[in-house]
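Chemist: Protein chains in written order, with the working numbering: chain P, 1 to 471; chain L, 10001 to 11111.
Just so you know, these hints were derived from the structure itself, not from any lab.
On a predicted model such as this, the values are computed, not experimentally measured, just so you know.
Note that beta-carbon positions come from the ideal geometry of N, C-alpha and C, so glycine has one too.
Be a bit skeptical, because a hint or two may be false.
What the hints assert, rightly or not - Some chain L residues flagged as far from chain P (calculated, every beta-carbon gap over 12 Å):
1. Ala10230
2. Ile10233
3. Thr10496
4. Leu10526
5. Ser10561
Unchecked claim - Simulated pairs of lysine-lysine, DSS-like, Cα-Cα distance not exceeding 30 Å:
6. L/Lys10973 - P/Lys231
7. P/Lys340 - L/Lys10638
8. P/Lys92 - L/Lys10104
9. P/Lys92 - L/Lys10110
10. L/Lys10365 - P/Lys424
11. L/Lys10623 - P/Lys446
12. L/Lys10638 - P/Lys86
13. L/Lys10104 - P/Lys407
14. L/Lys10464 - P/Lys340
15. L/Lys11030 - P/Lys241
16. L/Lys10046 - P/Lys446
17. P/Lys445 - L/Lys10106
18. L/Lys10415 - L/Lys10959
19. P/Lys92 - L/Lys10083
20. L/Lys10578 - L/Lys10365
21. L/Lys10104 - P/Lys111
22. L/Lys10570 - P/Lys340
23. L/Lys10454 - P/Lys340
24. P/Lys231 - L/Lys10365
25. P/Lys424 - L/Lys10106
26. L/Lys10643 - P/Lys340
27. P/Lys340 - L/Lys10731
28. L/Lys10104 - P/Lys446
29. L/Lys10454 - L/Lys10638
30. L/Lys10104 - P/Lys445
31. L/Lys10589 - P/Lys340
32. L/Lys10565 - P/Lys332
33. L/Lys10104 - P/Lys82
34. P/Lys445 - L/Lys10862
35. L/Lys10643 - L/Lys10570
36. P/Lys446 - L/Lys10749
37. L/Lys10110 - P/Lys424
38. L/Lys10731 - P/Lys86
39. L/Lys10104 - P/Lys55
40. L/Lys10713 - P/Lys86
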Amino acid sequence: MNLWNTNNGHGMMSRREMLRQSSAGFGSMALAALLGNNSQAAQQKFVQEAHFAPKAKRVIFLFMHGGPSHMDTFDYKPQLQKDSGKPLPFDKPRIFSAQTGNLLGSPWKFKQHGESGAWVSELFPHVAGCVDDMCIINSMYGSNSRHGGALLELHTGSDTFVRPSMGSWITYGLGSENRDLPGFITVCPTLTHGGVNAYSSSFLPADYQGTPIGNASIPADRALIPFISNKSGIPLSVQRKELNFLQELNREHLADSGPDAALEGRINSFELAYRMQTAAPELQDISDESETTQKMYGLDNDVTKNFGRQCLMARRFAERGVRFVQITHSYKWDQHSGLKSALPRNSMEVDQPIAALLKDLKSRGLLNDTLVLWGGEFGRTPVSQGDDGRDHNPQGYTMWMAGGGVKGGLQYGATDDYGYYAVKNKVHIHDLHATILHLLGLDHKKLTYQFAGRDFRLTDVHGEVISDLFA
Amino acid sequence: MKLRLLVVLGVFTVFSVPTNGALLAAEVDLKQEEFFEKRIRPLLIKQCYDCHSEDSVESGLRVDSLAALIKGGERGPAVVAGKPGESLLISAINHSGQIHMPPKDKLSQKEISDLTEWIRSGVYWPNAKPIDQFQESQSAGPLFTQKDREFWAFQRPQMPAVPQVQDTAWPQSPLDAFVLSKLEQAGAVPASPADKQTLIRRATFDLIGLPPTHKEIEDFVKDDSSDAFAKVIDRLLASPRYGERWGRHWLDVARYADSNGLDENLAYANAFRYRDYVIAAFNKDKPFDQFVQEQLAGDILAEQSNDESRAEKITATGFLSIGAKMLAEDDETKMQMDIVDEQLDTVGRTFMGLTLGCARCHTHKFDPIPIEDYYSLAGIFKSTKTMENFTVVARWQERMLASPAEIKILEEQKKQIADLEADIQSVVNKADAQLLNDERKHVADYLIAAEIKKHADQLMSATKPIGDDPQSYTLHSAVVVEAENYQTGNVKKSLTGYGEGIGVIYNNGPLPNIAEYEIELPESGLYQLEIRYAAADARPVELSINDQLVKNDAAGEVTGSWYPKSQQWKVEGFYQFKQGKNKVHLESKIPFPHIDKILIASPRKVSKADQSLVADVSSPQTKLISSITLQWVDYLTKNSADKTSPFFVWNEIVRTGKTPEKLGPVYQRFQKLNEQPEKERLIKAAQLYGELFAEVEQEWRTFQQTEAGKSAKSLADAEREAIRQVLSDPKGPFALPSDHENYFAAEIKTQLAKQREAKKGLEKALPQYPTAMAVSEQKPENVKVHLRGSHFTLGKEVPRQFLQIIEGENQTPINDQQSGRLPLAQWLTSGQHPLTARVMVNRIWRWHFGSGLVRTPDNFGKLGERPTHPELLDWLAVQFVEQGWSIKAMHRLIMLSSTYQMSADYNAEMASVDPENRLLWRMNRKRLEAEAIRDSILAVCGNLDYEMSGSMLGVENRKYVTSTSNVDPVVYKTNRRSVYLPIVRSALYEVLQAFDFGDPSVLSGDRTHTTVAPQALFMMNSDLMMQNTKDFADQIMHETHLDESAKVNRIYERIFSRPATAMEITQARNYIGQYRQDLKSLEMPAEEKELRTWQSLCRVLISSNEFLFVN
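Isolated chain P, as found in the complex (with noise of 0.2 Å):
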């Protein structure tokens, strides 16, 4: 405890008070652990002793509410194109979410593409030209047959109870690399299925909380960071000479006061608000951006624009060195039924982007450090629900990664004959929050905190680092 006793004459800090003045700008020393609520020794620890060097420094999770079919993009299924309207040759799984039928044979054409020759649907046009920078697992499988609980067992690990969600934890780890903006940055997130769950920092402290832009309902361009806009309908300036006089008073009360952490802190706080709002109007304002590059999101259609400019803030927001940054399409993959229709429209909305966001990433050398994520909660049934629908399917599902020390060019695993149940090398979430902490240099099973009587992880009691995915 003496350590943070720095008794200089101003005063000392407890860790906790250290945490509580701390707010988005750790920088370096990403003092993880020692932020506790019970201030107990056993919280003392600098994460970057424990672990090792880090392939990746963030992550831009590209996240797919509803669940895309993976037998329909990225996993590629002739025998199911064969047997389509057969009954399935095997057992469903025990708990499932809806009667199903037949099997259903994908109405689309795929193709081996880059040099890689992984094979991709027709609906995915662009993302198939990148393939040999993308890792595709073909054999996520998850626990819950529901949106909520794998929704949440995507974004904290648990299917069930309220925990931190993953890019509090690695904010957690690692801190933020810009003072003037939040660590971990949610752009228009779902309100629903769980809503903030999805990116809270529960017993973690609130620094690690994600911070949201906008919801799934509003469009991207009008979508804000919560009380950034000045509203007081006065210039900057005179705003600023607002905040030097609360200054003045708030450190005339801290002299009177005696040295406090907390105090201090306040003051600092405001600094950081000041900076912030300045900052981050200047970074949704992408009117410094070419036209070309504009144009290659796709803001220049009605169609792409909306996730075009998701991604594109996801590129600007990785730029400027915030750690996680999850953007949204949201809740439009559930194909219960009007799969034939939906998925192309879909697809088309984000295909584009995502395409363009990789090759700008790579282009300007952002792609080697930043660990690009895209996916569902879950996959869908290989047999039909309804004539023109498929069903839930947590039993095997693709997921895929790209840049951050991925291998590219990679299809691992394998779903069955169908695309049903993964069987081959097979990675569940609490696997692939192990790999992506490891790739950010964690150790999941170090990257712990201690709530409600004992040490928390990301992963719970499980997770296996899938080192054949690594570059």
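Dock chain L against chain P, hints included.
Modeler: Chain L alone, transformed into the frame defined by chain P:
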């Protein structure tokens, strides 16, 4: 370990040297040994040792010796010699049971068959002793160690001796002696007493969560009597604001919220009754033991009383019900056990400060809570009914707040209604049967009508909307109706936004949506009907003309967007209209598309080339039901390619004009059709079909009269059976149409209308009682231990009883007449329980001082902190029980102490020795909590609304509170106290969230306080700050009798509850002056500038640390 095992086995081998037939056996052994060493051992090492050998014994299983395999792990023996079918190992490697091993990739088929064979042939393991000599090891030692038993938290609190202190003047009560004694031991002195202004501000925030008024301070400062502060405390405790403040503290622990959160976020629209119960309980100082009992077992206590408190007691059990729940979980057993777990974990931490939840999967790693204890308590909650059902989306139970007599009457009334409904249904069913029976006689007519309709549809798909060409309106005698001019209906009209410049109708809240038009036509005949609408998604509506449903997917296309630019004319069809008034009726169970206009016009003439065989056929004379005709169209279209369909012949005639050459036996009669003139063939064919269907129907009736036919499900002849099915298929052409009741006989319609009217009357007369989220008793049952927390791997059943570390290992289990909640509540509140009183007095201390005597108020276990002042904690706990569990008495006890009344003055020396103030050398400075911040802003700005109780959720019970398409509909724009704001899990109000309200899904007796930039942004830019400081400034400007200095002073008095110093006044006036200068160049009315200037001062002072922190 391994070594010792080998030695033991080795010794054994010596004693078991075979004597007879040894040679033969040895040969067999050799073969088996070879098989084992080549196939089995390497396989076990490669695939299983990582997790199941000496270094890592997952699930208690090792596979590195035969003894270990036979003993097995947590789930029982892994192998049963000779019986692969009963061996867990085999089901695990086959991935056929609940356990899949290895967890990722299945072993190869060869490996699986090797292991199976090995078990079948008797699990040969070199040098292992014979299997029948394995004994289950009896290694179980005592359940708890001496250290476990001696842990401080499990000792009953004893009244400690009050310590002697040197400074005898300081203590006002024994409480102070405990604190001072510690300070003196450390060679420290307590901080000087707080001045009276500081003290009353502290006490007021503490007890009611609001700042004192300037007058309250003045009165207190002037009051020199010795009980001046005691009077302040009594005044505050008597204020209804007290319950709002302290009730909210309890709601943190009770993880109160107005929605279930987690997944399908539904409104707990009745949760507020529990919240109001809590506030009332604090206001009336309900003894804590009673408070605990009511929350855990109020429903049982309610059975013992029939007074007003009955409803209150049932409401109290909302405590168990309001937790966060996954309501969409396909695995019902998991959902139920998760809910039990949530309750158990909350009860454990709330009342005992024990993290019981940790014992769900395995015996608690730190505290002496065996997994058996968890499931003993789980049995109590499994025997408690919290949910109505566990289907997706699951329903939680709500109970009516009415007396048993009232409920009985209500049940009778409901039965009356149900009976009447059954009557209505039977009338409808009978009439339906009659209707369909009648219509089945018109097969021939329907066939013709369906073909005419199909033909008309074809024509329509070729025709272009007349609506697009206004110049041709006259030519077609077009009648155009604006959609918003409907005669009856409930849809909304929009003249802006979606209806900008055109006016549209769209959906209204309650469904179904209806719009009905009366349209006058000069003459009868076939007309073309068109609708102009915009739609981003398909939203088909039902179109009826003169009470006949004619189309069920009208206006059902996607035109692009909801906006006027996507408005398009679409031809809906050709329909018969009569002369004079016609009724056009649009109805939908889902929202409407955005409809602009309706057009009815004479169709364009069709060119001869488009005409088909059908074109010359005239409509049947019989009055047909158009919705049934539509069903015929669907059916014929769907089966047009099916050669086995009874309508194959028909379809061929329509398509080619001829009967097909090969005909089944039943269809021979169609052979001679080709001899007829082409024109007559269709009519003739329809007649033949009519006869054929009538024959089959007759045949079926006759057959059913016979002995053999009584129980028959079908006709023997496949072709005839297919015909019978067409007639009876509930999805076939004679399905019951949705507008069936329109065709009932007039007297039946009258009868139904009468009965429904009567039913409506009865329903209206039903008394409306409020309901509360509440639990009740259900069939008591014990629960089996869930190994690793999974309901797939059950261990032994355990009796319902209490924690063994506290209540002992020999308890009388709870009997099978009750769940055990009442005994549990009584056990907690007996006054003998080591934790209940301690945990609560510590909470009270925490909410007064900012830190508890145990600094982990929700965890008194080993990983929690030890009390800083154990004797004081015990003394308080004993006092608490002795004073009748009165919380208000504890406030007085604590606040009338020198400890509480210390100042927060800084002391450099103490700050270096004890920076966290564990010794209590001064009062902690505290930042206001989220609610106190918001309430205080409203209060000082003159806007706080003191109305109590009731719900502000504004969402119907069990309806979704948030969804992607519907931004949080909950309205926070209110000036009522924050405790009444809706707490929506997964979408917490941003102001509460910004200031560390915490996650309402988990209990929190120790809110954290962060200082982060978004909080500063809130002060700088939030609507709440802007509006309230503006109102404040406006009030100040209107106090025209005050000069500028006096105005500044008034602002200080209201915000800080104290006058401004002369220096502060000068400072503020300088600032105001500067601000006015800065605004000068802005284009804005002078008064507005003045308002903004004063507003800025208010904003600064409210944002200041002096306002936000309490000394």
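Chemist: Confirm or reject each hint.
Modeler: Status of each hint after checking the structure:
1. Non-interface status of alanine 10230 of chain L relative to chain P is upheld: no Cβ of that chain comes within 12 Å, the nearest being about 28 Å off.
2. No Cβ of chain P approaches the Cβ of isoleucine 10233 of chain L within 12 Å, the least distance being about 25 Å, so the stated non-interface status holds.
3. Every beta carbon of chain P lies more than 12 Å from that of threonine 10496 of chain L, the smallest distance being close to 19 Å; the non-interface claim holds.
4. No Cβ of chain P comes within 12 Å of the Cβ of leucine 10526 of chain L; the nearest lies about 33 Å off, and the non-interface call holds.
5. With a least CB separation of 9 Å from chain P, serine 10561 of chain L falls inside the 12 Å interface cut-off, contrary to its annotation.
6. For the hint linking lysine 10973 of chain L to lysine 231 of chain P, the alpha-carbon distance of about 17 Å falls within 30 Å, and the restraint holds.
7. Using a Cα cut-off of 30 Å, the hinted pair lysine 340 of chain P and lysine 10638 of chain L holds, with the two alpha carbons roughly 19 Å apart.
8. Proposed proximity of lysine 92 of chain P and lysine 10104 of chain L is supported: the alpha carbons are some 19 Å apart, at most 30 Å.
9. For a cut-off of 30 Å, the pair hint linking lysine 92 of chain P to lysine 10110 of chain L stands: about 25 Å separates their Cα positions.
10. A distance of roughly 35 Å separates the Cα atoms of lysine 10365 of chain L and lysine 424 of chain P; the hinted pair therefore is violated under the 30 Å criterion.
11. A distance of roughly 80 Å separates the Cα atoms of lysine 10623 of chain L and lysine 446 of chain P; the hinted pair therefore is violated under the 30 Å criterion.
12. As the CA atoms of lysine 10638 of chain L and lysine 86 of chain P are separated by approximately 20 Å, the hinted pair is consistent with the 30 Å bound.
13. Between lysine 10104 of chain L and lysine 407 of chain P the CA atoms are separated by roughly 21 Å; this keeps the pair inside 30 Å, and the hint holds.
14. For a cut-off of 30 Å, the pair hint linking lysine 10464 of chain L to lysine 340 of chain P stands: about 27 Å separates their Cα positions.
15. Restraint check for lysine 11030 of chain L and lysine 241 of chain P: the C-alpha separation of about 19 Å stays at or below 30 Å, so the hint holds.
16. For the hint pairing lysine 10046 of chain L with lysine 446 of chain P, the CA-to-CA distance comes to about 27 Å; that is within 30 Å, so the pair holds.
17. At roughly 26 Å between alpha-carbon atoms, lysine 445 of chain P and lysine 10106 of chain L fall within 30 Å of each other, so this suggested pair holds.
18. Only pairs whose Cα atoms come within 30 Å are accepted, and lysine 10415 of chain L paired with lysine 10959 of chain L is accepted, the gap being roughly 27 Å.
19. Distance restraint check for lysine 92 of chain P and lysine 10083 of chain L: the Cα-Cα separation of roughly 28 Å lies within the 30 Å cut-off, and the hinted pair is therefore satisfied.
20. Distance restraint check for lysine 10578 of chain L and lysine 10365 of chain L: the Cα-Cα separation of roughly 83 Å exceeds the 30 Å cut-off, and the hinted pair is therefore not satisfied.
21. The straight-line distance between the Cα atoms of lysine 10104 of chain L and lysine 111 of chain P is roughly 29 Å, inside the 30 Å bound, and the hint therefore holds.
22. With a C-alpha separation of about 24 Å, the suggested pair lysine 10570 of chain L and lysine 340 of chain P falls inside the 30 Å cut-off, and the hint holds.
23. Our distance criterion of 30 Å between C-alpha atoms is met by lysine 10454 of chain L and lysine 340 of chain P, whose separation comes to about 26 Å.
24. Between lysine 231 of chain P and lysine 10365 of chain L the CA atoms are separated by roughly 52 Å; this puts the pair beyond 30 Å, and the hint is violated.
25. Only pairs whose Cα atoms come within 30 Å are accepted, and lysine 424 of chain P paired with lysine 10106 of chain L is accepted, the gap being roughly 8 Å.
26. At roughly 28 Å between alpha-carbon atoms, lysine 10643 of chain L and lysine 340 of chain P fall within 30 Å of each other, so this suggested pair holds.
27. Between lysine 340 of chain P and lysine 10731 of chain L the alpha-carbon distance is near 25 Å, which keeps this suggested pair within the 30 Å criterion.
28. For a cut-off of 30 Å, the pair hint linking lysine 10104 of chain L to lysine 446 of chain P stands: about 23 Å separates their Cα positions.
29. At roughly 12 Å between alpha-carbon atoms, lysine 10454 of chain L and lysine 10638 of chain L fall within 30 Å of each other, so this suggested pair holds.
30. Distance check on the hinted pair: lysine 10104 of chain L and lysine 445 of chain P sit about 20 Å apart at the alpha-carbon level, within 30 Å; holds.
31. Our distance criterion of 30 Å between C-alpha atoms is met by lysine 10589 of chain L and lysine 340 of chain P, whose separation comes to about 25 Å.
32. Restraint check: the Cα-Cα separation between lysine 10565 of chain L and lysine 332 of chain P comes to about 24 Å, which is no more than 30 Å; the hinted pair holds.
33. This hinted pair checks out: lysine 10104 of chain L and lysine 82 of chain P have alpha carbons roughly 28 Å apart, not beyond 30 Å.
34. Straight-line distance between C-alpha atoms of lysine 445 of chain P and lysine 10862 of chain L comes to about 22 Å, which keeps the hinted pair within the 30 Å bound.
35. Restraint check for lysine 10643 of chain L and lysine 10570 of chain L: not satisfied, since their Cα atoms lie roughly 35 Å apart, outside the 30 Å limit.
36. A threshold of 30 Å between alpha carbons decides the hint, and for lysine 446 of chain P with lysine 10749 of chain L the separation of about 74 Å lies outside it, so the pair is violated.
37. The suggested pairing of lysine 10110 of chain L with lysine 424 of chain P holds, with an alpha-carbon distance near 17 Å, which does not exceed 30 Å.
38. Proximity of lysine 10731 of chain L to lysine 86 of chain P is assessed by CA-CA distance (about 23 Å); at most 30 Å being required, the pair is judged to hold.
39. Restraint check: the Cα-Cα separation between lysine 10104 of chain L and lysine 55 of chain P comes to about 26 Å, which is no more than 30 Å; the hinted pair holds.
40. Distance restraint check for lysine 10713 of chain L and lysine 86 of chain P: the Cα-Cα separation of roughly 27 Å lies within the 30 Å cut-off, and the hinted pair is therefore satisfied.
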